[in-house]
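4 protein chains.
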Amino acid sequence: MISMRSFKTLALFGRYNTRQSGEAFVTLGNYLKSRGCEVLLEEHTAISCGLTVFPTADLAAIGARADLAVVLGGDGSMLHAARNLATSGVPLVGVNQGRLGFMTDIAADRMLEMLGRILDGDYSREDRTLLSLNVRRDGATVFSTLALNDVVVNKGAVGRMIEFLVHINGEFVYDLRSDGLIVSTPTGSTAYALSSNGPILQPGVPGFALVPICPHTLSNRPITVSDDSVIEITLKRALDARLHYDGQLQGDLNEGTQVVISRAPHTIRFVHPPGYSYFAMLREKLHWSEAL
Amino acid sequence: MISMRSFKTLALFGRYNTRQSGEAFVTLGNYLKSRGCEVLLEEHTAISCGLTVFPTADLAAIGARADLAVVLGGDGSMLHAARNLATSGVPLVGVNQGRLGFMTDIAADRMLEMLGRILDGDYSREDRTLLSLNVRRDGATVFSTLALNDVVVNKGAVGRMIEFLVHINGEFVYDLRSDGLIVSTPTGSTAYALSSNGPILQPGVPGFALVPICPHTLSNRPITVSDDSVIEITLKRALDARLHYDGQLQGDLNEGTQVVISRAPHTIRFVHPPGYSYFAMLREKLHWSEAL
Amino acid sequence: MISMRSFKTLALFGRYNTRQSGEAFVTLGNYLKSRGCEVLLEEHTAISCGLTVFPTADLAAIGARADLAVVLGGDGSMLHAARNLATSGVPLVGVNQGRLGFMTDIAADRMLEMLGRILDGDYSREDRTLLSLNVRRDGATVFSTLALNDVVVNKGAVGRMIEFLVHINGEFVYDLRSDGLIVSTPTGSTAYALSSNGPILQPGVPGFALVPICPHTLSNRPITVSDDSVIEITLKRALDARLHYDGQLQGDLNEGTQVVISRAPHTIRFVHPPGYSYFAMLREKLHWSEAL
Amino acid sequence: MISMRSFKTLALFGRYNTRQSGEAFVTLGNYLKSRGCEVLLEEHTAISCGLTVFPTADLAAIGARADLAVVLGGDGSMLHAARNLATSGVPLVGVNQGRLGFMTDIAADRMLEMLGRILDGDYSREDRTLLSLNVRRDGATVFSTLALNDVVVNKGAVGRMIEFLVHINGEFVYDLRSDGLIVSTPTGSTAYALSSNGPILQPGVPGFALVPICPHTLSNRPITVSDDSVIEITLKRALDARLHYDGQLQGDLNEGTQVVISRAPHTIRFVHPPGYSYFAMLREKLHWSEAL
Numbered sequence: 001m002i003s004m005r006s007f008k009t010l011a012l013f014g015r016y017n018t019r020q021s022g023e024a025f026v027t028l029g030n031y032l033k034s035r036g037c038e039v040l041l042e043e044h045t046a047i048s049c050g051l052t053v054f055p056t057a058d059l060a061a062i063g064a065r066a067d068l069a070v071v072l073g074g075d076g077s078m079l080h081a082a083r084n085l086a087t088s089g090v091p092l093v094g095v096n097q098g099r100l101g102f103m104t105d106i107a108a109d110r111m112l113e114m115l116g117r118i119l120d121g122d123y124s125r126e127d128r129t130l131l132s133l134n135v136r137r138d139g140a141t142v143f144s145t146l147a148l149n150d151v152v153v154n155k156g157a158v159g160r161m162i163e164f165l166v167h168i169n170g171e172f173v174y175d176l177r178s179d180g181l182i183v184s185t186p187t188g189s190t191a192y193a194l195s196s197n198g199p200i201l202q203p204g205v206p207g208f209a210l211v212p213i214c215p216h217t218l219s220n221r222p223i224t225v226s227d228d229s230v231i232e233i234t235l236k237r238a239l240d241a242r243l244h245y246d247g248q249l250q251g252d253l254n255e256g257t258q259v260v261i262s263r264a265p266h267t268i269r270f271v272h273p274p275g276y277s278y279f280a281m282l283r284e285k286l287h288w289s290e291a292l
Numbered sequence: 001m002i003s004m005r006s007f008k009t010l011a012l013f014g015r016y017n018t019r020q021s022g023e024a025f026v027t028l029g030n031y032l033k034s035r036g037c038e039v040l041l042e043e044h045t046a047i048s049c050g051l052t053v054f055p056t057a058d059l060a061a062i063g064a065r066a067d068l069a070v071v072l073g074g075d076g077s078m079l080h081a082a083r084n085l086a087t088s089g090v091p092l093v094g095v096n097q098g099r100l101g102f103m104t105d106i107a108a109d110r111m112l113e114m115l116g117r118i119l120d121g122d123y124s125r126e127d128r129t130l131l132s133l134n135v136r137r138d139g140a141t142v143f144s145t146l147a148l149n150d151v152v153v154n155k156g157a158v159g160r161m162i163e164f165l166v167h168i169n170g171e172f173v174y175d176l177r178s179d180g181l182i183v184s185t186p187t188g189s190t191a192y193a194l195s196s197n198g199p200i201l202q203p204g205v206p207g208f209a210l211v212p213i214c215p216h217t218l219s220n221r222p223i224t225v226s227d228d229s230v231i232e233i234t235l236k237r238a239l240d241a242r243l244h245y246d247g248q249l250q251g252d253l254n255e256g257t258q259v260v261i262s263r264a265p266h267t268i269r270f271v272h273p274p275g276y277s278y279f280a281m282l283r284e285k286l287h288w289s290e291a292l
Numbered sequence: 001m002i003s004m005r006s007f008k009t010l011a012l013f014g015r016y017n018t019r020q021s022g023e024a025f026v027t028l029g030n031y032l033k034s035r036g037c038e039v040l041l042e043e044h045t046a047i048s049c050g051l052t053v054f055p056t057a058d059l060a061a062i063g064a065r066a067d068l069a070v071v072l073g074g075d076g077s078m079l080h081a082a083r084n085l086a087t088s089g090v091p092l093v094g095v096n097q098g099r100l101g102f103m104t105d106i107a108a109d110r111m112l113e114m115l116g117r118i119l120d121g122d123y124s125r126e127d128r129t130l131l132s133l134n135v136r137r138d139g140a141t142v143f144s145t146l147a148l149n150d151v152v153v154n155k156g157a158v159g160r161m162i163e164f165l166v167h168i169n170g171e172f173v174y175d176l177r178s179d180g181l182i183v184s185t186p187t188g189s190t191a192y193a194l195s196s197n198g199p200i201l202q203p204g205v206p207g208f209a210l211v212p213i214c215p216h217t218l219s220n221r222p223i224t225v226s227d228d229s230v231i232e233i234t235l236k237r238a239l240d241a242r243l244h245y246d247g248q249l250q251g252d253l254n255e256g257t258q259v260v261i262s263r264a265p266h267t268i269r270f271v272h273p274p275g276y277s278y279f280a281m282l283r284e285k286l287h288w289s290e291a292l
Numbered sequence: 001m002i003s004m005r006s007f008k009t010l011a012l013f014g015r016y017n018t019r020q021s022g023e024a025f026v027t028l029g030n031y032l033k034s035r036g037c038e039v040l041l042e043e044h045t046a047i048s049c050g051l052t053v054f055p056t057a058d059l060a061a062i063g064a065r066a067d068l069a070v071v072l073g074g075d076g077s078m079l080h081a082a083r084n085l086a087t088s089g090v091p092l093v094g095v096n097q098g099r100l101g102f103m104t105d106i107a108a109d110r111m112l113e114m115l116g117r118i119l120d121g122d123y124s125r126e127d128r129t130l131l132s133l134n135v136r137r138d139g140a141t142v143f144s145t146l147a148l149n150d151v152v153v154n155k156g157a158v159g160r161m162i163e164f165l166v167h168i169n170g171e172f173v174y175d176l177r178s179d180g181l182i183v184s185t186p187t188g189s190t191a192y193a194l195s196s197n198g199p200i201l202q203p204g205v206p207g208f209a210l211v212p213i214c215p216h217t218l219s220n221r222p223i224t225v226s227d228d229s230v231i232e233i234t235l236k237r238a239l240d241a242r243l244h245y246d247g248q249l250q251g252d253l254n255e256g257t258q259v260v261i262s263r264a265p266h267t268i269r270f271v272h273p274p275g276y277s278y279f280a281m282l283r284e285k286l287h288w289s290e291a292l
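Those sequence lines, one after another, are chains A, B, C and D. For the first sequence, the working numbering gives the first residue as 1, with consecutive numbering after it. For the second sequence, the working numbering gives the first residue as 1, with consecutive numbering after it. For the third sequence, the working numbering gives the first residue as 1, with consecutive numbering after it. For the fourth sequence, the working numbering gives the first residue as 1, with consecutive numbering after it.
Hints in this document: simulated from the structure, not taken from any laboratory. This structure is a prediction, so every number in the text was calculated from the model and none was measured. Watch out, some of these pointers could steer you wrong.
Identical copies go unnamed one by one, so any copy, or any two together, can satisfy a pair.
[To be verified] The list that follows gives simulated cross-link-like pairs (lysine to any residue, SDA-like), each with its CA atoms no further than 20 Å apart: (1) Lys285 / Glu171; (2) Lys285 / Ile168; (3) Lys8 / Leu112; (4) Lys236 / Arg283; (5) Lys236 / Trp288; (6) Lys236 / Leu165; (7) Lys285 / Arg177; (8) Lys285 / Ser219; (9) Lys285 / Asp109.
Whenever a hint applies, use it, and build me the whole structure from the sequences.
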């Protein structure tokens with residue numbers, strides 16, 4: 001598919017909170033400038049790489065000015081950038097420093113070729129759903145964030161099984177005794193949820209997967225629910241539980257705390273290089289081409 | 001939810017191809033008549049029960065005249081009636097002869113009470129997606145049918161693993177070596193697909209589950225795809241394979257035969273008695289309330 | 001099977017660290033005295049129940065004098081008593097306060113009948129394997145204990161995936177990235193391991209199950225190894241990991257700490273009431289008799 | 001481990017019922033003769049390869065005269081040769097024509113090197129358990145065979161779920177409704193049983209795995225039982241069921257037919273080349289070294 005939108009200003013993002021060589025950023029930035037683009041370097045990336053050759057920008061400036069964000073890192077870096085860019089609508093594309101990731105479509109050794117073709121307009125777009133997470137106590141929201149992969153209620157420090165009630169749109173679903181529960185987007189269905197026996201959800205499916213972690217009752221199988229569901233998780237007793245989103249620890253959950261999860265009002269747009277295929281990516285990442 | 005539509009003409013269906021006592025049909029039919037309704041007895045049911053007290057009707061007449069079909073039987077009877085009524089748009093409700101089923105919402109001992117409330121307008125409606133199955137050979141369709149639960153490509157008489165290619169909307173998904181593949185609707189996700197590690201799909205989710213049966217490659221996990229997918233399954237070699245839909249054997253598959261599955265143009269409407277809850281049904285059928 | 005050994009001195013154990021009514025202890029103790037037995041009440045149980053009508057005894061005295069220990073509680077109470085009695089060779093039988101457990105064979109309402117028949121010699125015996133857990137740092141053992149169910153290396157407070165090396169008898173097995181690993185006896189195979197997709201091991205099988213928890217690589221399936229294996233788990237990097245045994249938190253694991261697991265030199269003997277059947281217990285606990 | 005036994009007479013086996021080039025047999029046979037060994041070519045292999053350069057021998061002669069059987073083929077060829085050599089006690093080693101198999105330890109490109117070292121005495125031995133399968137009707141055995149991997153009771157031509165009773169040593173285990181049941185040795189635990197969610201059993205574990213195929217009741221999990229178990233499977237109703245062993249179709253099962261499975265009196269001895277490691281083989285075959 002040839003898209004008509006042209007990318008004039010590109011923002012470069014690196015790994016989050018990790019030292020990283022600046023070399024690939026210089027190579028890419030110079031190439032983009034040679035193509036007539038303006039290049040912005042995300043401010044934390046600039047510091048962590050020690051680069052001063054490109055103008056730096058904070059998230060607000062990137063959100064206001066960039067036409068495309070290019071992430072040089074792994075799937076975790078994509079998650080971080082996506083959460084931060086969702087409200088601004090800036091699309092993302094990922095370059096994996098090693099081999100491909102589930103979200104980083106471009107291999108390092110084809111970086112300039114693929115970005116060049118994207119600048120030529122040879123790319124496809126795909127909008128991915130995000131979760132809106134709200135933690136409520138005594139009727140008030142005490143924490144909220146977006147998540148691209150998943151929200152996880154997990155057992156805590158002592159490591160004992162937890163028990164909680166799940167409601168969807170106010171309707172009682174189950175009283176779950178388990179190590180935890182993963183609420184996953186299609187994007188997150190190939191991440192943590194997959195290792196807990198969750199189903200793969202094709203990105204276009206408007207659903208979320210509820211995937212129990214080590215459920216006490218063996219028939220507590222994963223359920224895919226509509227993505228217009230409001231999912232509410234309430235700890236049943238004072239237990240040692242923790243809340244994570246996209247692999248980030250949010251904090252402890254107390255009795256009476258409610259975790260409310262719904263589809264975020266914004267989506268994040270992925271730009272895919274020419275030749276991208278979701279199923280081809282799955283085949284490679286999950287070794288489906290390999291016979292035993 | 002109180003619905004405004006009133007049911008004047010009701011058609012009664014029994015178990016398919018199974019002898020069945022006529023007693024419940026007489027009880028129900030007389031009650032419906034006492035409520036001022038017209039009662040039609042599906043013709044095969046009339047023969048298998050040996051009943052002549054109500055006028056009989058074939059599927060065409062039921063499709064033309066009935067406002068509601070009541071099925072007295074199990075989930076298999078619902079599947080059969082649903083496939084036959086889909087094109088006419090007559091809604092269905094099920095009375096289980098024993099305890100509840102996944103689709104038969106009304107227990108035998110509450111039959112008159114629940115049907116009475118449904119006649120009062122106290123019911124909810126839900127539309128369920130069906131699959132359209134087409135078998136093609138040399139470019140021509142040699143068989144087609146609807147399926148409410150699933151279409152299954154399975155190993156055949158010799159019992160050897162089969163191998164086939166799956167494409168979705170023309171895009172290659174995988175080359176699967178396995179005992180078979182289940183393509184399931186949300187309705188079918190709690191049937192055969194569940195016993196093969198498939199995910200539960202809430203009926204509202206517009207997706208189909210692709211569930212491999214005993215896949216040779218352990219990472220060949222179930223995938224939920226959008227229900228606007230056209231799924232094409234092509235046997236890779238001359239192998240011993242069979243095709244089933246909703247538990248019915250269609251026949252053998254030969255090399256060069258293509259199985260094409262997509263969303264049917266029609267849906268089937270379920271009428272649920274007051275108090276119906278999908279999750280309550282799951283909790284009861286899957287023993288979620290039971291702790292170990 | 002009629003066994004010839006007669007039980008003269010019986011020790012009564014209650015729930016560990018939990019307040020409990022003394023009523024059942026008084027009923028049982030008086031019955032046992034009426035049958036000519038000596039009754040000892042385990043010292044912590046005496047305190048927690050506030051009972052002074054029977055002589056109390058510590059573990060050393062029970063180990064030296066008792067012919068049979070009767071546990072009034074659940075599976076957790078059995079685990080606790082078993083670990084403490086293993087070296088003394090005192091056999092155990094469990095009375096569940098509610099319905100049956102995996103290890104508590106006698107239902108509360110048949111307590112006197114079943115204990116009476118056991119005193120008559122109408123019982124069977126079964127020896128269960130225990131694990132010996134040793135935690136080593138810089139070549140020295142810093143902690144050791146017995147476990148009847150399992151030893152679990154688990155992710156810790158931050159909740160990130162951990163990575164460790166597993167060796168068996170010095171041979172490298174795998175480098176596992178996961179939420180953790182359960183090493184389970186046959187007794188423990190129906191506990192936590194079962195909820196993490198582990199296999200059921202019949203108690204007579206001389207093996208241990210290695211069951212990964214949410215493994216990153218989907219083909220990292222449970223393995224049953226011989227029970228003469230010495231299993232060594234070594235954290236690969238400085239990660240946040242915790243060690244549990246039989247559901248008890250042992251503590252944090254540091255880089256360079258080795259967890260060494262082998263079959264304990266002692267077994268624990270279970271006394272089963274007449275009519276006991278392992279498979280009957282499984283059928284009841286896992287609802288195998290229930291059709292969907 | 002250096003073993004003292006020397007191999008003087010070697011029998012060469014090829015793929016069963018499959019045309020195969022004779023080139024590798026000639027290369028290997030000439031090498032073995034150059035090392036002073038006598039070479040026998042299994043008679044069906046001689047025919048299928050069209051080779052006359054070595055003396056041919058039937059199974060009886062090989063059983064009487066050979067010190068070692070070398071199988072050039074895949075795991076299926078090993079299964080076939082193992083069943084036929086079990087009673088004679090001739091050990092086996094496998095050369096895979098392509099990459100390694102679960103049982104064929106030697107890669108084609110190291111064939112002469114590894115066989116040379118085995119002739120030097122540089123090898124290890126491992127005895128593998130076989131199943132003894134007896135099919136009984138009206139009290140009489142109507143079929144019996146050995147199986148190295150598994151015995152499978154499976155649904156038949158119509159493809160409907162089957163139902164049967166399982167007893168172990170006369171004790172009732174369960175009434176199983178499913179697509180079938182796999183009874184697997186440790187050797188077979190990495191074959192069909194693995195794709196049906198069975199556990200891996202280390203070859204030294206004296207147990208058999210009972211692995212349901214698509215069980216109707218979700219808690220019907222795989223069970224590992226002691227290998228001194230006599231496992232009896234009885235079809236509950238006249239259903240369409242089939243019996244397989246090691247992937248071979250034995251035939252249809254009728255109501256009243258009993259399938260009796262126990263440990264065979266003979267084992268089969270595998271010879272492993274130097275450097276062989278069971279866990280290394282698993283890591284390679286199951287891609288455990290690969291991170292996602």
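Evaluation of the provided hints:
1. Lys285 / Glu171: So Lys285 and Glu171 pass the 20 Å test across copies only (17 Å; inside, 37 Å).
2. Lys285 / Ile168: For Lys285 and Ile168, the Cα distance is within 20 Å only across copies (19 Å; inside one copy 33 Å).
3. Lys8 / Leu112: Intra 16 Å, inter 63 Å, cutoff 20 Å: intra-copy only.
4. Lys236 / Arg283: For Lys236 and Arg283, only the inter-copy Cα distance (18 Å) is at most 20 Å; the intra-copy one is 41 Å.
5. Lys236 / Trp288: For Lys236 and Trp288, the Cα distance is within 20 Å only across copies (16 Å; inside one copy 41 Å).
6. Lys236 / Leu165: within (6 Å within a copy, 37 Å between copies)
7. Lys285 / Arg177: So Lys285 and Arg177 pass the 20 Å test across copies only (16 Å; inside, 32 Å).
8. Lys285 / Ser219: between (29 Å within a copy, 10 Å between copies)
9. Lys285 / Asp109: within (18 Å within a copy, 29 Å between copies)
The structure fails none of the hints (numbered hints given earlier).
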